[in-house]
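Enquirer: One-letter residues, chain by chain:
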Amino acid sequence: MSNPLTTLVAVLFFPGFSFILTYALWCQWVSRKAAARLQNRQGPLHTGWQGTLQPLADFIKLLVNEDITPAAADNPVFNYSPIAVFAIPLATFLIPIQSLTSLRGWEPIASFEGDLIIVLFLMSVVILAVFLGGWSSGNIFGAVGATRAALMMLAYEIPLSLVAVGPAILAGSLQISKIVDWQVTSVNAFLGAPNIQGLAVAAVLLIGVVIYLICLLAELELRPFDISEAETEIVHGWQVEYSGKKLALLNAGHDIKMVLAAALVTSLFLGGPAGPILPPFVWFILKTTFCVLVLTNMSVLFARFRIDQMVAGAWKYLVPLAVLQVMAVVALSGVI
Amino acid sequence: MSEREFVIPIGPQHPALKEPESFLFTVDGEVVVDVEPRIGYNHRGIEKAMESRNYIQNLYLTERVCGICSNAHQTAYTGAVEEVGGIEIPERAKYVRVFMQELERIHSHLLWLGVAAHEIGFDTMFYYVWRDREVVMDLLEEVSGNRCNYAMATVGGVRRDLPRDKYPKWHKMLDKLAERTNYYIKVASTEKTILERAVGVGYLGKEDMIRLSGSGPNARSSGVPCDIRKLTPYLIYDEIPFEQIVVDNGDVLGQVLVRTLEVVEAVKICKWVLDNIPEGEIAVKFNPLQRLPEGEAVYLVEAQRGELIHYTISDGRNMPYRHKIRAPTLGNIPSLVERLKGGYIADIPITIAGIDPCFSCTDRMAFYDEGKDKTWTWTEGELSRYRKEWYSR
Chain R
1 MSNPLTTLVA VLFFPGFSFI LTYALWCQWV SRKAAARLQN RQGPLHTGWQ GTLQPLADFI
61 KLLVNEDITP AAADNPVFNY SPIAVFAIPL ATFLIPIQSL TSLRGWEPIA SFEGDLIIVL
121 FLMSVVILAV FLGGWSSGNI FGAVGATRAA LMMLAYEIPL SLVAVGPAIL AGSLQISKIV
181 DWQVTSVNAF LGAPNIQGLA VAAVLLIGVV IYLICLLAEL ELRPFDISEA ETEIVHGWQV
241 EYSGKKLALL NAGHDIKMVL AAALVTSLFL GGPAGPILPP FVWFILKTTF CVLVLTNMSV
301 LFARFRIDQM VAGAWKYLVP LAVLQVMAVV ALSGVI
Chain E
1001 MSEREFVIPI GPQHPALKEP ESFLFTVDGE VVVDVEPRIG YNHRGIEKAM ESRNYIQNLY
1061 LTERVCGICS NAHQTAYTGA VEEVGGIEIP ERAKYVRVFM QELERIHSHL LWLGVAAHEI
1121 GFDTMFYYVW RDREVVMDLL EEVSGNRCNY AMATVGGVRR DLPRDKYPKW HKMLDKLAER
1181 TNYYIKVAST EKTILERAVG VGYLGKEDMI RLSGSGPNAR SSGVPCDIRK LTPYLIYDEI
1241 PFEQIVVDNG DVLGQVLVRT LEVVEAVKIC KWVLDNIPEG EIAVKFNPLQ RLPEGEAVYL
1301 VEAQRGELIH YTISDGRNMP YRHKIRAPTL GNIPSLVERL KGGYIADIPI TIAGIDPCFS
1361 CTDRMAFYDE GKDKTWTWTE GELSRYRKEW YSR
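Here the protein sequences come in this chain order: R and E. Counting with my numbering, you get residues 1 to 336 for the letters of the first sequence. Counting with my numbering, you get residues 1001 to 1393 for the letters of the second sequence.
Okay, chain E solo, but in the shape it has when bound:
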């Protein structure tokens, strides 16, 4: 480190990060020279807890992995379990799941847009976006009864139907969302101070993005077409006419454009679902005591933040032998580090927020000795002994 350089710690507590994650920035004046990310501050033991609960109880655990993409996690979980069990869900349930997934995408992307505006100090836009986001929150509440953690999917279908008499009202709400989002696209791409803070900030080209294997809107803003809904369609995404949004800006403006255009596209999907949803049952019966055959399954879902992977192994009981969740943010951290290098201190918050990070869903705990390159595990008893020793010091 030269004499002009010094280290700024950002996180695990910092107003720009709503979740615990640490970044050590080596800066030269106002320019970032090097970044050292450190993940793993939050361990909730959800994967372990799932191994001792049955498949219905696990629905509520998976939903609580993340507050914002709760439905994406549930969709991926139920999809993986149904694949292991060979359960065929009714056609109408697939439409309802897609409807929920796209509503959640709208709410998440609008939330992100507000946060991004706040990070560049444009609080007025933040308040306006969040006001308009209330429309989709109301819609979600009307459909499921909740503003987050909708508890809509279940193994074998969905738990609530979409009542047909509400469709005209929902169409109107969706139209309003599309209209407001188009307005924000116009604001974000013409307002001078936003462009000053967004164009060229946190740039990462297509080649680098492929090399660092980013996913979701983060990768699509650098021109990599990686939408799981197009690549390996699940549910009924192969029947729905929709565009995969890919721009090649590679900077924060590209991320704004990808997400806002995806909101418009998601509104179209929701309207298409409401127009084309078939009549019929919404779920097949699934008993909590029902055993699944031995086997394993991987289910990919395009969550709002990128590629969400749920991997489940069944050993023939009514609970999973192992369930592994890979949240999209984990795949986006290498590209985030590359985006941060060479930028200004002032651009750190918006660049980190640019990948729409969800660190708490990403974090797992593992023991690793860097010097000896060794990993190990601890039992509950060993952990509690360690705790007692630590606090009696």
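Excised from the complex, chain R in its bound form:
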């Protein structure tokens, strides 16, 4: 932390809050437009070029909407949990994006040994805020949605964390920027002298990516796992009593969580901002947008699962598969 002014600029503008918010709104547009075209619709069209400004317009519109708090929900937990849902992913996002600044030779503002654990922990804390917010809303649908969100977390949290540890074991570090460095050096080494071990590592990590993406669908409450907010069943579940500013924060928090998830996939499995010819910044944007597109594509393909089917499926298939994947990674890390 040499210059406080640089640090302040980094936190507030790039790669800080302004950039993250803009990028989250961009990814919301990408996701909405892609989903619409896949479903034979037009999607956002009128605000800005091809509706690119629509997410921003929605955000502002919700900010000026009347904020109604029901008498039964008038308590601090209900009022502050949207702030937590918004602020925690925003703060967490600084860490995976560090890999981007480190490549450009900038001073990292939040990169240290063990930051992967912090990221995983903070992402779980968001669900706690969701649960408290839904539970304290004094609404039966909110309570059901909150219980479902907590139940879902029991199902996907373990495979999610297990799989994220795989690249860390291979890189021998729990620091995200070091995991990125390891990927870059080992891919370069593999391209220089292709060998069978490298292919095996790639195959095992591919299984990891698939498990990770499925768990992220659940974490982000996208179909087929939008069980905790299922509109047709429990009327947006835990969000049911939120309106106005609070709902705007919840939606923005969801978008930031989506790009955070995409940035994590990019950093842990896709080599972060590294890539030929184009500058690292462009590579980072391309890769995260690609991850958002993959998540969107997966989410329009299926019908919604029931909560019991989802939990049973996760414990029957995802958890054993994740354990096997980590065991394979450990075995392989001895080889290379």
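A portion of the hints provided could be inaccurate.
As the list claims (entries may be wrong) - In the EDC-like style, the derived pairs of lysine to aspartate or glutamate whose C-alpha atoms are separated by at most 20 Å in a straight line are:
1) E:K1192 / R:E66
2) E:K1324 / E:E1047
3) R:K245 / R:D58
4) E:K1169 / E:E1047
5) E:K1048 / E:D1363
6) E:K1192 / E:E1207
7) R:K245 / R:E66
8) E:K1341 / R:D67
9) E:K1018 / R:E113
10) R:K316 / E:E1196
11) E:K1169 / E:E1196
Stated by the list, open to error - Just a sample of chain R residues kept apart from chain E, beta carbon distances all over 10 Å, derived:
12) S18
13) E157
14) A189
Simulated from the structure, these hints should not be mistaken for lab results. Each residue gets a CB set at the ideal place from its N, CA and C atoms; glycine is no exception.
Following the hints, put chain E in place on chain R, whose structure we already have.
Expert: For chain E alone, coordinates are given in the frame of chain R:
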């Protein structure tokens, strides 16, 4: 009620119900223990209004009982009136009425398929089905000039002819519908997430269905052959070669299969009608001032949702003395309650949507005191006095 149980109210306003109806669910965790339906939120006074309008004016009222089965209501109404009046309609008019009825069945069942997909959270299928449904909507518009409320039937025949030069184009549109529906049958019976949400959901066996007297696709999905078009054929349904679709799945998948297969069957009927329609007049003359002889008649129609009953009494004037409409959903509510019990909260929307409910057509208003087991009626003056008292409180 035990400590673990609590009550979830669904309706009269709820995103899964497009119409006002209330269900009180007693749930234990995620499992539904008991259901208490409450109908009667919507009173439009159509039956009463019909008693002061002549038989031609009533055509437009009956059509507006329901937006989706408007033609079924009109077919049943005209059928009942013609039976009372002893009016014999031309052969060609019967073919046109059947054609309209089957087109409406296609549009209604495809609409339902989209809604069902939406209820289980499969919005992509919803958008695709509704896109393909536009083909039949265009066809209906080309035939009648309207996308709903076609105003085709009249007492004594039909109001518009089917121009012969359009038949090749209509054949092509119908082929497209059949092709797309066959694709959706394949999707619905093979896609894993749909099967997870449809197989065994809202199950009701054949015996229970007969006991609870369900009708239409709801009953045929439980293996009860109850198609009015086969049991008491009206118009020319006894001449048309078509299959009665009955499956014995008894669950939501069975309802999907019955409706989609019926779409394919309806396409065949429409094509048969276009191939075999005779030349001739489309209507006999009927004067709005014409009086009908005294008498009464019941006319049954297999509407998209089930057995639709129109019952009319004439006292010799040019307007009905009493006209009673029984919409199919009323007969399906007891079996719906049975289907819901023992299911999950997550399955409530698809199970309710599974019977293709049309609550607003079903609802009537009556005064009933539960404690004293007493019913009564109010005049218009008493109602308006009650309203004034209520709002001045």
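Enquirer: So, for every hint listed, does it hold in this structure?
Expert: Structure-based check of each hint:
no.: 1; hint: E:K1192 / R:E66; verdict: 42 Å, violated
no.: 2; hint: E:K1324 / E:E1047; verdict: 6 Å, holds
no.: 3; hint: R:K245 / R:D58; verdict: 11 Å, holds
no.: 4; hint: E:K1169 / E:E1047; verdict: 40 Å, violated
no.: 5; hint: E:K1048 / E:D1363; verdict: 14 Å, holds
no.: 6; hint: E:K1192 / E:E1207; verdict: 29 Å, violated
no.: 7; hint: R:K245 / R:E66; verdict: 8 Å, holds
no.: 8; hint: E:K1341 / R:D67; verdict: 38 Å, violated
no.: 9; hint: E:K1018 / R:E113; verdict: 54 Å, violated
no.: 10; hint: R:K316 / E:E1196; verdict: 16 Å, holds
no.: 11; hint: E:K1169 / E:E1196; verdict: 39 Å, violated
no.: 12; hint: S18; verdict: 33 Å, holds
no.: 13; hint: E157; verdict: 20 Å, holds
no.: 14; hint: A189; verdict: 41 Å, holds
Of the numbered hints given earlier, the model fails hints 1, 4, 6, 8, 9, 11; all others are met.
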